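Undergrad: Start from the sequences, fold in the hints, and give me the full structure.
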Amino acid sequence: MPEAVLDRAHEDVHKTQPWNNPDAVPYIRFENVTKKFGDFYAVDDVSLDIYRHELFALLGGSGCGKTTLLRMLAGFEEPTSGKIFIDGVDMAGVPAYERPTNMMFQSYALFPHMSVEQNVAFGLVQDGVSRAEIKEQVADMLALVQMTKFAKRKPHQLSGGQRQRVALARSLVKRPKVLLLDEPLGALDKKLREQTQFELVNIQEKVGTTFVMVTHDQEEAMTMASRIAVMNEGVINQIGTPFELYEYPNSRYTANFLGQVNLIEGVLVDDDEKYAVIKSDEANCDIYIDHAVQGHEGMTFWVALRPERLRLTKDAPEDTKYNCLSGKVEEIGYLGGISTYHVRLETGKRIKVTEPNSTRQIEPRYTWEDSVWVSWEAGAASVLNK
Amino acid sequence: MSSDKLTIKQKFDRWMIKHGRVLVIGIPYFWLFLFFLVPFLIVLKISFSMAEYAQPPYSALFAWIDEGVTITLNFGNYLFLLSDSLYATAYLNSIRIAAISTIITLLIGYPMAYGIARARGSMRSVLLMLVILPFWTSFLIRVYAWIGILDREGLINAFLMWTGIITEPLIMRQTEFAVYVGIVYTYLPFMILPLYSTLEKMDISLIEAAMDLGCKPWQAFVKVTLPLSLPGILAGSLLVFIPAVGEFVIPELLGGPNTLMIGRTLWNEFFANRDWPIASAVAIAMLIFLVVPIMWFQHIQTKQEEREQ
Ligand SMILES: Nc1ncnc2c1ncn2[C@@H]1O[C@H](COP(=O)(O)OP(=O)(O)O)[C@@H](O)[C@H]1O
Ligand SMILES: [Mg+2]
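Keeping their order, the protein sequence lines are chains W and B. 1 is the number of the first residue of the first sequence in this note's numbering; add one for each residue after it. 387 is the number of the first residue of the second sequence in this note's numbering; add one for each residue after it.
Just so you know, these hints were derived from the structure itself, not from any lab.
Simulated coverage check for chain B against chain W, where a stretch passes if three residues somewhere in it have a Cβ under 8 angstroms from a Cβ of chain W:
| hint | segment |
| --- | --- |
| 1 | 591-601 |
| 2 | 610-617 |
Some chain W residues judged to face chain B by a derived CB distance under 7 angstroms, without partners named:
| hint | residue |
| --- | --- |
| 3 | 76 |
| 4 | 96 |
| 5 | 102 |
| 6 | 103 |
| 7 | 105 |
| 8 | 113 |
Given the structure is predicted, the values throughout are model-derived calculations rather than measurements. We put the CB at the ideal spot given by N, CA and C, even for glycine.
TA: So this is what it looks like as structure tokens:
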């Protein structure tokens with residue numbers, strides 16, 4: 001490839017993926033931030049860079065410290081130790097009302113005694129913006145979230161989805177440098193949530209504000225976020241794009257949290273520069289990996305296999321030496337578009353397999369207690385050491 | 387299924403479902419009728435009669451004359467209230483003292499209620515308990531205790547004289563100041579409790595949202611906390627104001643001879659002058675003065691709430 005083309009390709013990548021550009025300056029920076037409540041570490045030594053225009057998601061189970069991290073950014077909590085920078089400015093001691101952030105609360109926290117219009121105008125009134133300008137900006141914002149019709153209503157006269165939009169408008173109207181969203185779609189039902197996910201992403205692209213979002217829903221994080229930080233017990237487990245996290249998880253926790261996974265525990269028995277072999281008591285075959293594994297022979301590893309990467313067959317594959325488990329169908333879940341099967345191996349281990357129902361069948365392909373083979377490509381597995 | 391196959395229990399259950407509501411609502415209504423409305427009507431009746439040296443000490447309203455009922459309504463009592471400026475002064479004084487006491491109670495009670503509502507869970511019940519604790523002692527004893535505190539030879543004067551800050555004892559008892567102290571002290575819990583219940587229900591994230599949108603803490607208080615606690619402020623103020631207007635014991639024990647309040651006037655008419663009709667007229671007039679504006683106010687408020695729905 002000519003060099004000029006390569007350069008341009010790099011430039012594009014650096015623009016859309018600033019985290020891959022070593023020269024890019026992060027917009028938000030957490031430096032070894034710790035937050036203790038009494039003796040309890042809610043956030044434990046977190047370092048994190050977020051870049052401008054990102055839609056960054058903090059993902060983790062309940063109580064893992066996501067909200068606490070967000071609240072430290074907003075200024076509602078001060079870190080016990082460590083530093084937070086927004087746009088290069090140290091936020092230590094800067095009160096919430098002086099920070100360039102706005103927050104969309106999990107409960108929306110709309111002022112019940114004010115109309116939709118007054119709620120959205122609140123921040124502008126507080127800043128002493130002229131009346132004409134407030135009117136215009138509020139109207140623009142309500143149009144953006146499609147709530148113009150409801151401007152005169154009080155929050156208690158709105159549905160959950162409408163409240164969510166008002167909360168979004170209210171937090172966006174001041175054009176914050178960073179918008180913080182705590183479980184923004186948590187209170188909506190599934191259908192509305194999926195629809196709103198895309199709307200939120202569209203609005204983010206339109207206004208260009210940096211979004212930092214908290215969620216416990218991996219699907220939501222993957223749909224919306226440019227990058228995700230997976231959190232567990234106050235610690236960030238892994239940071240990456242949805243693609244990176246799903247395809248290259250660094251731990252069992254991440255692999256389990258994003259999507260579904262079969263984990264097979266085994267010992268490295270053959271370690272080469274080009275391949276590796278893992279032997280497992282849980283599997284009735286040896287596992288062949290088509291790349292080198294960081295570690296030495298005798299070390300324990302977990303082989304992570306996504307259910308959709310597994311093949312289910314009635315007949316034994318040609319090569320049954322590696323990557324080929326046999327067992328019986330124990331459970332079947334027919335979901336329309338796909339079917340899920342639980343296969344019980346002779347060792348007692350259960351393996352989950354999903355198959356697309358891409359053609360119409362006269363009757364289900366497998367039934368309970370069918371003897372089946374589960375096999376996969378050597379490149380399908382990830383090897384995890386924690 | 388035909389109804390004659392129902393057991394007695396089933397019949398009773400069905401009857402309860404149909405009429406239970408009326409029964410449940412009916413009992414308090416009956417109670418209020420018996421112990422509020424009937425006495426009120428008796429007092430109303432007496433206020434239209436004339437004083438007599440008899441037992442009871444007032445003329446009859448209904449009389450049998452020539453096989454017919456004659457009703458003698460005497461408006462003289464009410465006219466008398468208008469003619470003697472003593473009554474008007476007493477009314478206005480009562481309202482002024484009650485209003486000022488209500489404001490002082492609010493100013494003291496609001497921070498206390500706020501503090502309790504924001505305290506930690508275990509601390510909260512202790513603090514609430516402390517607010518209610520004085521009710522376990524007789525009201526009369528507590529007011530008497532204030533005599534001991536405010537008196538010429540009372541605790542405060544003794545202490546100030548001992549420290550040497552003053553050489554002459556302060557006159558505190560038998561002044562309006564003492565009446566304010568008594569009323570504010572007595573009615574403070576009635577202000578704190580409704581305020582606490584509205585403040586406690588308030589979502590903290592509303593205040594955080596206000597601060598997030600640029601409010602300093604005091605601005606968040608003025609723009610969010612205060613308007614949202616208005617129902618509590620109103621409830622507390624009415625609970626203090628209404629009984630304070632008719633207060634008798636506190637001005638009698640702590641106030642001086644100049645502290646003219648309607649409750650005292652009423653007592654004097656009943657027991658000193660034994661003029662029951664005038665006393666009744668005073669009571670009815672007070673009721674009209676107080677209840678009519680409050681009912682009107684509540685009416686306006688409900689209408690406004692309905693408009694907002
Ligand atoms: N103000 C607080 N005082 C004491 N513990 C707290 C406080 N806020 C949060 N925590 C604790 O910190 C942990 C993390 O909380 P949070 O950040 O809200 O979790 P998440 O949002 O991930 O569910 C939880 O165990 C929670 O109980
Ligand atoms: Mg949370």
